[in-house]
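2 protein chains.
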Amino acid sequence: MYCGVDIGGTHTQIGAVDASGKVFDHEKLNTASFTQARDLVLTIAYTILRMAKVSGQKVEGIGVGCPNVNPRTGVLRNAANLKFKEEISLKDELAQYFPGIPVAVDNDANAAAVGERIYGKARNTDDFLCVTLGTGVGGGVFCNGKLVYGLNGMAGEIGHMIVEPNGRPCGCGRKGCLERYASAGGILDNYLEICTQNNATPQAATYRQVAEAAKTGDPLALLAFDKAARILGHALANIACVTAPTHIFVFGGVAQVGEILLAPLRKYFAENLLFCYKKTAEESPAVCIELSELMETLKDAAILGAAALARL
Amino acid sequence: MYCGVDIGGTHTQIGAVDASGKVFDHEKLNTASFTQARDLVLTIAYTILRMAKVSGQKVEGIGVGCPNVNPRTGVLRNAANLKFKEEISLKDELAQYFPGIPVAVDNDANAAAVGERIYGKARNTDDFLCVTLGTGVGGGVFCNGKLVYGLNGMAGEIGHMIVEPNGRPCGCGRKGCLERYASAGGILDNYLEICTQNNATPQAATYRQVAEAAKTGDPLALLAFDKAARILGHALANIACVTAPTHIFVFGGVAQVGEILLAPLRKYFAENLLFCYKKTAEESPAVCIELSELMETLKDAAILGAAALARL
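Here the protein sequences come in this chain order: D and C.
Using the working numbering, read the first sequence as starting at 1 and increasing by one per residue.
Using the working numbering, read the second sequence as starting at 1 and increasing by one per residue.
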C-alpha cells in the first residue's frame, strides 16, 4: 500500500491507497490542535503504522502534501496558514519511522497537480495549472510536461500574488494577496464587506454558511463568490501571459461550490484574457477552466494527490 | 555562417555571425516602411544572400526573432506593435529562399532568453526570466532548463499582464497592460502624465529625449522611470510567485539606461516580493535582477539572440 498525507490549515488527512488507486483506510486529524510540527508528524507515523498493521499490508511509499514545504529538501518553514513556525524537515522526521521506505514531501498544491497528472484530466496535457482553493490559495505549475519547482522549490505560490495594492493584510506580512480574496476566509471577508456596503445584517459567520447561502440563491453570498471570481479570473489571465497553460484545473474545498464560482470565474477570465489565448472565431478562451477530475469523480482527492507524489 | 534576424516594431536588424560568435556583417531596415510582411521577408532573404555572396561563406542556419510569432508553427499573427496584420508563416516564407537550410523562428523575447542561455549569464541556471523592454514588453521563460512555450507557443507575453484595471488603452484591444507603462512609449506617457500633474511644460517629446533628460538628472524624467520601475517591479514579484526564477535578466533598448531603471526596479521588486523568495538573514531578494550579459558586454545582442535560435 501507498500512504497519502494531506496537511491542511484545518485538517490533516491520512489515507492508505491500494494498487488500484482506492483509498481503503482513512483518518482525519485536527491540524490546529498541534502546536508543534513534531507532534503532528509522530501522530501521522503512528496512524500509518496502525493502518499497515490492521490491513496486514506493507507500506511501499509515503507522500505528504503540506503548505510551504521546500520539495527539494522536505523542509517546512513559515507556513502562513499553519500554527507551528519552527523550521523542520518533514521528510527526515517522518522517514526516521519508516527506514528504507521512500518518503516524498511537496506542497499541497503541487500534490494536487501531480495527482491530476497521474489520475485525472491532465494525463494528456504538458502545460497546465492546478489552482487549490481552501484555507489558502496555491498553485501547481506544469510546463513542458514537468512540475515547475524554481527557486527554493517555491514556484506556484500564486495565492501571494499581490492583486490589491494596500488591500487586506495577509498572513505573509504583506497586503492585498490573492488568497485574502479567493480562499475560504477571503470569501467570508468578501461577504461581510458586501453586507456592510449594503447595510445588511450578515446571515453567515463562517465560509461554510456563506457557501450554503449562495446555494440557496442568497444575492449577497453570490456577490461574495462573484468578487472572488473577478479577482481570481484577473490573476489567472495574468498567469496565462507567463506560462500559457492549455488547462486550468480548480481544486480544493472552495471549488466544491462548482458553478457558483466557476461560471463567473470563466466570465472574468475571458474578459481579461489576451487575444492570442482565445479561439480565433468565437473569441472564447482556448484555455479551459475546469473542475479537477480528482475532486469531481474521485473521493479522497487530497490523499490521492499526496500518494501520487510517492509514485512520481 | 549563421544569420540572426531581429524584427522589431521600429527596426529590423540582420547580421551574419561567424563560428566564434562574432557579427561580421550587419544591416538595418526600417520595419515601419513595410506594409506587407511578405515584402519584408523578401528584403531579408535578399540581404542574407548578399551577405553570403560578399563573404563567400555558406549559410548554415537562420534564426528569426519577431514579436507574436508562434514558435511551434513559425506563423506571425496580430502582432500588436507591427503594421502588417495578415497571418503569414515567416518560417515557410523565408525557408523557400533557402532550400535545405534550417530556419528557426521565435518571438524576440524568447530569442533574447535563448541568447542569454547560450552566450550570456544564464548558462548556469535552469530557472530564469528574460524581460525585453523596447517598443513593447516581452518575456522569455525558462523552467527546468527548458524554454516554456505553452498554448500556441505564446508563453511569456508578460507585457500584456493587466496591471492597471481600466488603465491606458493597449494595442491588443484591452486596457492597462504592463507594456503601456514600462515600454519606451509607456515611459514617454509616464513622463507626459507627470508633467501635467506637476503643471510643467514637457521638455521631451520622444522616449529617447526622456532617457537623455533622466541621465542629466531631470527629476520629472527620473519619475517617469520610477513609475515604470514601480509597476514592472510589482509585476515581476507576481511572476516570481508563478515560476520562481532564480534570475531575472533585463534586455532591450529601454534597459540601456541601466541603473536609472534597475535601481528603483530592484527596490520595488523587493518591496513586493514574498518572503520565501528572499534570503532569510537580510531580507534582500534571493532572486537577482541583472542587466542581460548579451546587452552589457556583447554588441549586436538581438542578432546573437536570433542566431542562437538556429543553434538550439
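Please note that the accuracy of each hint is not assured.
Identical copies carry no separate label here, and so any pair may be met within one copy or between two of them.
Below are the DMTMM-like pairs computed for lysine to aspartate or glutamate, each with C-alpha atoms no more than 25 Å apart in a straight line [said to hold, decoys possible]:
1. Lys-278 with Asp-39
2. Lys-83 with Glu-290
3. Lys-146 with Asp-126
4. Lys-85 with Glu-271
5. Lys-279 with Glu-87
6. Lys-278 with Glu-87
7. Lys-121 with Glu-86
8. Lys-175 with Glu-164
9. Lys-227 with Glu-164
10. Lys-28 with Asp-218
11. Lys-267 with Glu-164
12. Lys-279 with Glu-86
13. Lys-279 with Asp-92
14. Lys-28 with Glu-296
15. Lys-58 with Glu-296
16. Lys-175 with Asp-18
17. Lys-83 with Glu-27
18. Lys-278 with Glu-86
Note that these hints are calculated values from the structure, not bench results.
The model shown is predicted, which means the values in this text are computed figures rather than measured ones.
task: Sort out which numbered hints this structure fails and list those numbers smallest first.
output: As far as the earlier hints go, 1, 2, 7, 10, 15, 16 are violated by this structure, in ascending order.
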